[in-house]
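So the sequences go chain by chain: Z and P. Under our numbering, the first residue of the first sequence is numbered 1025, with each subsequent residue one higher. Under our numbering, the first residue of the second sequence is numbered 117, with each subsequent residue one higher.
Possibly wrong hints are sitting among the right ones.
[Stated by the list, open to error] Once the Cα atoms are required to be at most 27 angstroms apart in a straight line, the calculated DSSO-like pairs of lysine-lysine come out as:
1. Lys-1338(Z) to Lys-199(P)
2. Lys-1338(Z) to Lys-226(P)
3. Lys-239(P) to Lys-1354(Z)
4. Lys-239(P) to Lys-1179(Z)
5. Lys-151(P) to Lys-1338(Z)
6. Lys-1239(Z) to Lys-1214(Z)
[Stated by the list, open to error] Rough simulated footprint, nothing fancy, chain P against chain Z, three-plus residues with beta-carbon under 8 angstroms:
7. 1173-1182
8. 1325-1335
Note that these hints are calculated values from the structure, not bench results. Remember, it's a predicted structure, so these values are computed and weren't measured experimentally. Glycine included, C-beta positions come from ideal geometry on N, C-alpha and C.
Here is how the chains run, residue by residue.
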Amino acid sequence: MRNRLLGRLAVATAAAVVWSAVVVSTQAPAGQAPPGPGGGRGRGAAAPTEPTPRLADGTVNLGRVVGEKGVWNVPYITNMGMRLVGADGQPLAPQAGGGRRGGAAPAAEGRGAAAAGAPLGGGEGAAGGGRGGAKSEPWVPFQPWAAAVYDYNSKNQSKYDPEGYCLPPGGPRMMATPYPAEIIQLPEQKRVIMIFEGATHIWREISMDGREHPKGDALNPTYLGHSVGHWEGDTLVVDVVGFNEATWLDYFGHPHTDQLHVVERFSRPNKGTLHYEALIDDPGAYTRPFTVAWDIPWRANGELTEYICQENNKYLQRLTDDFGQPIFGKK
Amino acid sequence: MRTKFAGLVATIAVLAAGVPMIAHHSFAAEFDATKAVKLTGAVTKIEWLNPHTYFYMDVTEICQGTPAPQGQETAWKCSPADKSKAPNWGLEMGSPNGLMRQGWTRNSMKIGDVVTVEGSAAKDGSSIGNARTVMIGGKRLFAGSSQTTNP
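Pulled out of the complex, with its shape left as it was, chain P reads as follows:
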């Protein structure tokens, strides 16, 4: 129980902090923490692999925003995905061991699941992002890596 509560606190702290923790490689070399994205679509492929789990999704709606200060909601500007511009996104999450410490299993996400992802977009504008949270079936899962749970 205490562990669960601590986990919840950790998750909230992470969400509030806004910048995901990646111990394995430089976050800033690849992603832009100021480019918040919220993507909705169906999962097409999952790579439950180290050092980062990846999944791919056909994005039907893309929302963009600037990460809000702690305690405030991000203001999203949403639009339907432009189908001509590679609507299949690749999303990076934590490592399988880190995700399992967050309560994931390799079957938490399945191909075909419609998910909503919040995270950061790649600096180079490609359809790649770093997922911070994933909403699957009404359940919000922390997708990143924290000091607590290990990337």
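Next up, chain Z with everything else stripped away, as it sits in the complex:
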């Protein structure tokens, strides 16, 4: 089953190259589709003025305060390409018309998503709706093959998105898959645990004991990679390597290779906000490193619930390949 999937993906990828070579994008931008719902995402959010909670030793608390509920209300970053920021933290993607959701200031995204109805050419906002044939964004430093794969994923409406197969996200997409998440600090054990309700009920463990990444064959490529972290002032910095190539960077299908190296920076400027930044360094797919950033609101009354994606995935049963043949369903 797995081999078959990989085989299909290989065929799809091969087709991608051919496809991108012959197809000139004539599709209209994704503008016809209104931006996605997101209104009220601040539901139960702590007031931004509430101060950053801290542990007894003064370390920033990225999780719950004792005796309270709360989860991080991870937003749906459909297109990581729209979240690139420059060294100044300002978005690199065009912000014309105010329609594109503010790259580095997604705190407004929840409230403004429905209102900010301007067309989002090739950007996010279709919210799982029409991908609209997004072209490779010129501000994303694609290698040619990566641009071709991205365009291919765009042309076919992201139908092969691994998350649609109930496979986990990897890298920054963990913080962009719209199910709640918790960050649990265990300073006495020198580790941080992150639990994700969504995608496939995944968790990550971030070693805080100063260890290094495994080297050579000891580093086995995985979906989530190998994470080591340390504090830089009030920012948790996590270095991740050892990714496999089975994930996309986002729903829109930005690819990556197993050379992917991510440096994440988590900070909590106030109780209601987790600021997330990720340096994406993948010399296998991009010509230079780039940084994406967004804010994640706190849902003060939230708790994690069960979500087992693999249970009854009819999408997969109906999914057909580029030649109209069922991929998993009955032939």
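Starting from the structure of chain Z, add chain P where the hints point.
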């Protein structure tokens, strides 16, 4: 109270936006957001399962329309269902956890309930749709998945 209000705002925003949020898989690969449908009929089967709750209904009336811009009513063209053409439709909704955050329970909908569903039809013309709202017993429930409530 505040939560309820926020939820209402979210629901309205979602209804206005017109395109349902599906985080789990590509909406556009399967459904056509421009093919709005309104279906009325009795529920025949419910699958309260992940990643999407499905229910099936014997459709007695099918209305078709083009999604209206924000703030406007969709103009529906309705006709009785053609009984020879598989009047049993399958409708996709959000995941159970997402629906519960919207106020659903596993008993909100029962087999035999006559419901009216608004949503999007499948691209391939099959009797499959993505439900955005479901009217059950005069009560309108948001059936999809939003960023707030998680698909």
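Tested hints:
1. Lys-1338(Z) to Lys-199(P): Measuring from Cα to Cα gives roughly 25 angstroms; hence the hint holds.
2. Lys-1338(Z) to Lys-226(P): Holds, at about 21 angstroms.
3. Lys-239(P) to Lys-1354(Z): holds, 20 angstroms
4. Lys-239(P) to Lys-1179(Z): holds, 15 angstroms
5. Lys-151(P) to Lys-1338(Z): Measuring from Cα to Cα gives roughly 21 angstroms; hence the hint holds.
6. Lys-1239(Z) to Lys-1214(Z): Holds - the C-alpha atoms of Lys-1214(Z) and Lys-1239(Z) are around 21 angstroms apart, at most 27 angstroms.
7. 1173-1182: holds (count 3)
8. 1325-1335: The restraint on the region 1325-1335 of chain Z holds, since 8 of its residues have a Cβ under 8 angstroms from chain P and three suffice.
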